[in-house]
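Line by line, the protein sequences are chains Z, H and X. Heads up, the first sequence is in this note's numbering, so the first residue is 1 and it goes up one at a time. Heads up, the second sequence is in this note's numbering, so the first residue is 1 and it goes up one at a time. Heads up, the third sequence is in this note's numbering, so the first residue is 1 and it goes up one at a time.
I should point out that these hints are in silico values taken from the structure, not numbers from a laboratory. Incorrect hints may have been included.
Label pairs and their calculated CB-CB ranges [unchecked claim]:
no.: 1; chain 1: Z; residue 1: E176; chain 2: X; residue 2: G218; range: 21 to 31 Å
no.: 2; chain 1: H; residue 1: T28; chain 2: Z; residue 2: L73; range: 49 to 59 Å
no.: 3; chain 1: H; residue 1: R286; chain 2: Z; residue 2: L9; range: 41 to 51 Å
no.: 4; chain 1: X; residue 1: S217; chain 2: Z; residue 2: N37; range: 28 to 38 Å
no.: 5; chain 1: X; residue 1: G213; chain 2: H; residue 2: E244; range: 57 to 67 Å
no.: 6; chain 1: X; residue 1: D90; chain 2: H; residue 2: D254; range: 34 to 44 Å
no.: 7; chain 1: Z; residue 1: L73; chain 2: H; residue 2: V191; range: 17 to 27 Å
no.: 8; chain 1: H; residue 1: D133; chain 2: Z; residue 2: V160; range: 36 to 46 Å
no.: 9; chain 1: X; residue 1: D90; chain 2: H; residue 2: R195; range: 36 to 46 Å
Some chain X residues flagged as far from chain Z (calculated, every beta-carbon gap over 12 Å) [to be verified]:
no.: 10; residue: E79
no.: 11; residue: D202
no.: 12; residue: L211
What the simulated footprint calls covered on chain X by chain Z, stretch by stretch (three residues with Cβ under 8 Å from a Cβ of chain Z suffice, anywhere in the stretch; the number is not a length) [unchecked claim]:
no.: 13; segment: 48-60
no.: 14; segment: 142-153
From the three backbone atoms N, C-alpha and C, an ideal C-beta is built for every residue, glycine too.
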Amino acid sequence: MARGTEALLLLSDGRLPAGGYAHSGGLESAIRMGRVNDIEDLKRFLTGRATTSGAVAAAFAAAACGACLGDRLEDVSVLDDEFQARTPSPALRQVSRTLGRQLLRAMTAIHPHQLQQRLPRRLNHPVAFGAAAAMLDLEPDDAARGVLHETLMGPAMAVVKLMSVDPFDAHRALAELVPLLDTIAGDAATYADADPATLPAFGAPLSDVVAEHHAAEEVRLFAS
Amino acid sequence: MLRESHPDATAGAHAPPAAAPVDAAAMTARAAVSCQNVDGAANRLTRLRSEGQFVLRPTHPKGFEPWAHGAAAAGRVSVSAGTAGPLGGDRLSLDVYVGPGAVLVLNEISATLALPGTSGEQSVITFTVRVDDGATLIWLPEPVIAARNCDHRQDIRVSLAASARFLLREELIVGRHNEAPGNIAQHVRVVRDDRPIYDQNLRLGDRYQGWDSPSVADRSKAVGNMLIVDPASGIGTNRADLIEANTVGVGLDDDVVQASAVAADSLALSHALDEVLNRLGPPWSR
Amino acid sequence: MTAEETAPSPTSAPQTRSLRIGVAGPVGTGKSSTIATLCRALSDEYRIGVITNDIYTDEDARFLRAEGVLPAERIRAVETGACPHTAIRDDVTMNLLAVEDMEQDFAPLDIVLVESGGDNLTATFSPSLIDAQLFVLDVAGGGDVARKGGPGIGRADLLVINKIDLAEYVDVDVEQMVADATAARDGKPVLALSRKRQQSIDELSDWVRQLKGKYHSGEHVPTDPGPMAPHFHADEDGGYVHTHE
């Protein structure tokens, strides 16, 4: 990963102005429903998010990056359909498309690239992330790592606004997950050129459930 | 780290195909049912092949049936267990075909209890389902219970024609009463008119790191899903039914509804999924 | 959301660009009511759209819809996730897309008003999101607020001192407050407003008309009020001023 490391850091940084900061990755709702009460719960929350939604997002980002690098743009649409089939919650579909759109909009300003005119109009976030990675000359493995990082950083950053926790503890939970994340990202990268139908589809039923409850809440701190 | 302790904990889609079992005691069986309109006769069971675990019998309505209730002419088949298990190492499959315009209700006599085998191998059941144009499959399996230490996988591949009607209700229970959870992965992929509409691989049990997460199943013993495809019905339009804290019924498309439910036990899960159907109203509910 | 269904490629710019005006200011100073006032006064002349930013709810959007000053679909809410200042300055993508969608969906729009989530004295809009901005204070916040400065008070295109009909109840000398503010702004405009005083509403409307004229003639150049200026933190000893260098 010698080449492109700086570009990967640019793309994966939560400070990239693409609107990600408004989302807690379901954590706000999980806290409200009493499922996350302390740092141990947070760690379990993050672990499950990594092995389900995170692993799926990472594989789709890798595959989308691979498709863009190989100029197989028709596969990008197929990947987007496949990702949607793996996202049964309408609320999460909406969030993913919004984040995907915001990322692509930000990229038009940050790093103009011919791909931007040729991509489908709407893309789910992991697919958009893979495409953005390709625009930055990153590899599928980078795309997988970056999107997985984002999947976990959202809730890990949101937690300090939602619960009484020590921010160091939240980062310690992340640090302890590093080996798991490396494994997941490595597996995900193997899907760079895979048939889109064979990509992982790991389900996270409580994420789907809490996302719908959250969307129906009158009062909330985070958009999701 | 993950890979060492759990070889395929994250690599479900890369899991090996169901090869012949290595354990001599393990079973390989292939059963099939076809229901078709033929020679002017509606809903004939044109194929009914039982083998091993799957004993298939023509049957009568078993209580309330969503959508098909009162449809005397529907084909009805019950699956009963011919043997214990599945046991680790078993490779079982059931093929289901519903021909154009036919109606089949497929249910089960009792819950499936997945048990560990002597070999430590995974047991695998593969369901391959095709529902043709204008056809209906109402599939109401009983719960699958993953007994302690079992390692069971179910692959359910469904291909729907554009005008096919379909209901699948799945209830997974990890561990019997007062028993530690077994391991189960249930992968359901539904393709309609060659486009994927639903693809979820639900993995429960300690073999799968993160399954006990508040974002996945949070150590709940019962997890269920339901998928309902009812062409041109509008049942899914703007649907987001919040049913208790842990169950939702949502529209995936104007004519597709999906439910996710997480519950403490089988009974609560069953009630939650019933309530999803109730919200849809007749003919999906009483 | 209809915007998403009908929106063009995220990479294409909207066909019709409106004059985009931001409305910032601390919580409770009357940003929503100022926007309602503007819409009421100008909606016969201009086609207007409104984007609200709320922290916890879409309360502001609902308020404006309830006021009936615009067709309800031309009022949209953006959820800013606990960081209202980020959404108008550091990371404007959510708001920028909302503005572009609005311009696209209701083209041609003359003006889009973007209301920031109520924050503090230091939050101002980035010029990458808006062309001009109002900063709203009110007399109830105290007559000395205008003297405290900050980028919004000092350099917003227009400083509004709101709720002047309440001045007598809170012992604030409006003329003095306007004078202090004018001094803090090097002569840039300050407007004393009450939605109960038609003359002040006329002045506000005139300011917008002039801005619109200057925007189209190219005379108006969007300016950044600047980063967080040295600002005031109240404490038991009366407070202190510090910078974010």
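Review point. Looking back at the numbered hints, which does the structure fail to meet, lowest number first?
Key: Violated hints (numbers, rising): 1, 2, 3, 4, 8, 10 and 14; every other hint is consistent with the structure.
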